[in-house]
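Residues per chain, in single letters:
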Amino acid sequence: MPAGSALGRYLNIVDYALVGLARKRGKNLAVVLLFTLVVFLISSFQLLMGALQESARTLLAVAPEITVQQLSAGRQVNLEKSMAGGIETIPGVRRVRERIWGYYFDETSGANYTVIGVPPQDLLYEPALSHSLMSGRLPGGSPGETAVGVEVPKGLDLGGRSHFSLFRPDLSLISMEVVGRFSAASSLLTADLLLLSLDDARDLFALPVSTVTDLLVEVANPLEIDTVARKIADRYPSTRVLTRGRIEKTYKVVFGWRSGLGTVCLVTVLGAFAIFAWDKAQGLSAEERREIGILKMLGWQTGDIILLRFFESGVVALLAFVSGYLLAWAHLLWGQGWLFRPVMLGWSVLRPELVATPVFALWDLLQLLAISVLPYLAATAFPAWRAGVIRPESVL
Amino acid sequence: MVNSTANSFRPIYLLGGLMALLVILATSLLWSARQAAGRQADELASNQALVRGLGLSDLCLATEARYIRHLAASDRVVVSMDHPGGIDHFPSSTFFIRVP
Numbered sequence: 001m002p003a004g005s006a007l008g009r010y011l012n013i014v015d016y017a018l019v020g021l022a023r024k025r026g027k028n029l030a031v032v033l034l035f036t037l038v039v040f041l042i043s044s045f046q047l048l049m050g051a052l053q054e055s056a057r058t059l060l061a062v063a064p065e066i067t068v069q070q071l072s073a074g075r076q077v078n079l080e081k082s083m084a085g086g087i088e089t090i091p092g093v094r095r096v097r098e099r100i101w102g103y104y105f106d107e108t109s110g111a112n113y114t115v116i117g118v119p120p121q122d123l124l125y126e127p128a129l130s131h132s133l134m135s136g137r138l139p140g141g142s143p144g145e146t147a148v149g150v151e152v153p154k155g156l157d158l159g160g161r162s163h164f165s166l167f168r169p170d171l172s173l174i175s176m177e178v179v180g181r182f183s184a185a186s187s188l189l190t191a192d193l194l195l196l197s198l199d200d201a202r203d204l205f206a207l208p209v210s211t212v213t214d215l216l217v218e219v220a221n222p223l224e225i226d227t228v229a230r231k232i233a234d235r236y237p238s239t240r241v242l243t244r245g246r247i248e249k250t251y252k253v254v255f256g257w258r259s260g261l262g263t264v265c266l267v268t269v270l271g272a273f274a275i276f277a278w279d280k281a282q283g284l285s286a287e288e289r290r291e292i293g294i295l296k297m298l299g300w301q302t303g304d305i306i307l308l309r310f311f312e313s314g315v316v317a318l319l320a321f322v323s324g325y326l327l328a329w330a331h332l333l334w335g336q337g338w339l340f341r342p343v344m345l346g347w348s349v350l351r352p353e354l355v356a357t358p359v360f361a362l363w364d365l366l367q368l369l370a371i372s373v374l375p376y377l378a379a380t381a382f383p384a385w386r387a388g389v390i391r392p393e394s395v396l
Numbered sequence: 001m002v003n004s005t006a007n008s009f010r011p012i013y014l015l016g017g018l019m020a021l022l023v024i025l026a027t028s029l030l031w032s033a034r035q036a037a038g039r040q041a042d043e044l045a046s047n048q049a050l051v052r053g054l055g056l057s058d059l060c061l062a063t064e065a066r067y068i069r070h071l072a073a074s075d076r077v078v079v080s081m082d083h084p085g086g087i088d089h090f091p092s093s094t095f096f097i098r099v100p
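Sequences listed follow chains A and B, in order.
Each step along the first sequence adds one to the number in my numbering, with nothing skipped, and position 362 is 362.
Each step along the second sequence adds one to the number in my numbering, with nothing skipped, and position 56 is 56.
Derived from the structure by calculation, the hints contain no laboratory data.
It is possible that part of the hints are untrue.
[Claimed, not checked] Covered by chain A, per the in silico footprint, the following chain B stretches (three or more residues, Cβ under 8 Å):
hint: 1; region: 20–34
hint: 2; region: 41–55
hint: 3; region: 76–89
[Unchecked claim] Residues from chain A shown here face chain B by an in silico Cβ test under 10 Å; the list is partial:
hint: 4; residue: L21
hint: 5; residue: D122
hint: 6; residue: L188
hint: 7; residue: L195
hint: 8; residue: L242
hint: 9; residue: F360
[What the hints assert, rightly or not] With a straight-line Cα cutoff of 25 Å, these simulated SDA-like cross-link-like pairs (lysine to any residue) come out:
hint: 10; chain 1: A; residue 1: K249; chain 2: A; residue 2: V77
hint: 11; chain 1: A; residue 1: K24; chain 2: B; residue 2: F9
hint: 12; chain 1: A; residue 1: K249; chain 2: B; residue 2: P91
hint: 13; chain 1: A; residue 1: K252; chain 2: B; residue 2: T94
hint: 14; chain 1: A; residue 1: K231; chain 2: A; residue 2: R95
hint: 15; chain 1: A; residue 1: K249; chain 2: B; residue 2: D88
Glycine residues also receive a C-beta, built at the ideal position from the N, C-alpha and C atoms.
The following block holds chain A by itself, in its conformation from the complex:
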């Protein structure tokens, strides 16, 4: 490359910057590794939150328009199914469905299962539902039939068996038969699920015949959901009326930097970058000043020295940023978020797979750049200028 070309000049300065970095390779390697680690940590958290929000947005977009729960002393209790008749008379309501659901705690393993019971005829409204099974079928009209999620056979230690028993509240046993198993692809929804018929769920939880857990209300016009919800709340003041919009809003805000883990990640990362920037802003050692004096005597201009310092910082920051960001993607895509999974699962005995495909968002990338690379480069600016204006005769 001709020595006089602009590109050649820049490449030569980059070469010299790299040689300069290699001279203190231990320290600079440590900075790159730490920088990569902090970018990895914050990117992983950001990408995981984005992936979960996107999953919730797409999957729960068809959540029930309105769910009616009965509250007593602020707690959810069973409600009288006769309420369904009153709700059906509200204009705009297309259909009201009964549902019994709850939790079954297995004392042997310590696992919590979600049990949902719906009338078998309700399942016929969704022909695509059976495609979520990897084997078998949905529970039909025969008592004791159940479809289970992927974690349930492990939790119940079924092995190859399809029959097992559950305890009713009076400790009598109810026999169940696994007739279907949900696929791993639906594990984000069904991993801990036992799907029963409404009658079997009522039998398992020993609920009175006149009660159900909640009512699912279908509204003909989506624009009228809030209006219908308000009418239900007015007619039945002791109920909690949960709309689809409320569910969507919950999942928009439940993942974010204000969570405990998010705050810890953010504070750690900001602290790390503050240390990096402080280190950069410390200025020049005597050896560095001498080196710059020699370069100036050899004909380097002030602008060249400033470029050299920026290239040194830029190579470190950009290499670490790109590496950290890509490792964060690999962490989610190939590692299923192994770093955060223990925190997300907590003491759960059932350990559903974390299916979270990261979504690229330019705004998130720019935010990350703004809190990592830019402060590091900005901290270089003043020392770079100070280096550039050194007079050779003052240091040699």
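Starting from the structure of chain A, add chain B where the hints point.
The following block gives chain B in isolation, referenced to the frame of chain A:
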């Protein structure tokens, strides 16, 4: 200026090699992400049928407590389910922001 023509190996080649490795990694990740997104798109219809048919309101992320398993459907006092004034003591709740 440094005259690097006498030495055929330039440090920038090493940087270029590193960047090339990162580009290969990025390409692999992009390909994997597209595959995963394609699989999820194929499964979306059946998963949405599950949500509609069973009236699901929450994702199954953790099962250690009711209000973590069902973030949207749990009542507000369930965090104190063990006794009045009981504090939230489950590790996984550090992952989520409680919605009022």
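These are the hints, each one checked on the structure:
1. 20–34: This one holds; 6 residues, not fewer than the three required, reach chain A with a Cβ under 8 Å.
2. 41–55: With 13 residues close enough to chain A, the hint holds.
3. 76–89: holds (count 3)
4. L21: 9 Å, holds
5. D122: Nearest chain B Cβ about 7 Å off; hint holds.
6. L188: 5 Å, holds
7. L195: 7 Å, holds
8. L242: Where the cut-off is 10 Å and the nearest Cβ of chain B is about 7 Å from L242(A), the hint holds.
9. F360: Cβ of F360(A) sits 8 Å from chain B, so the hint holds.
10. K249(A) to V77(A): Holds - the C-alpha atoms of V77(A) and K249(A) are around 24 Å apart, at most 25 Å.
11. K24(A) to F9(B): 20 Å, holds
12. K249(A) to P91(B): OK: K249(A) and P91(B) at ~23 Å, within 25 Å.
13. K252(A) to T94(B): 16 Å, holds
14. K231(A) to R95(A): This hinted pair holds, its Cα atoms lying about 15 Å apart.
15. K249(A) to D88(B): Holds, at roughly 22 Å.
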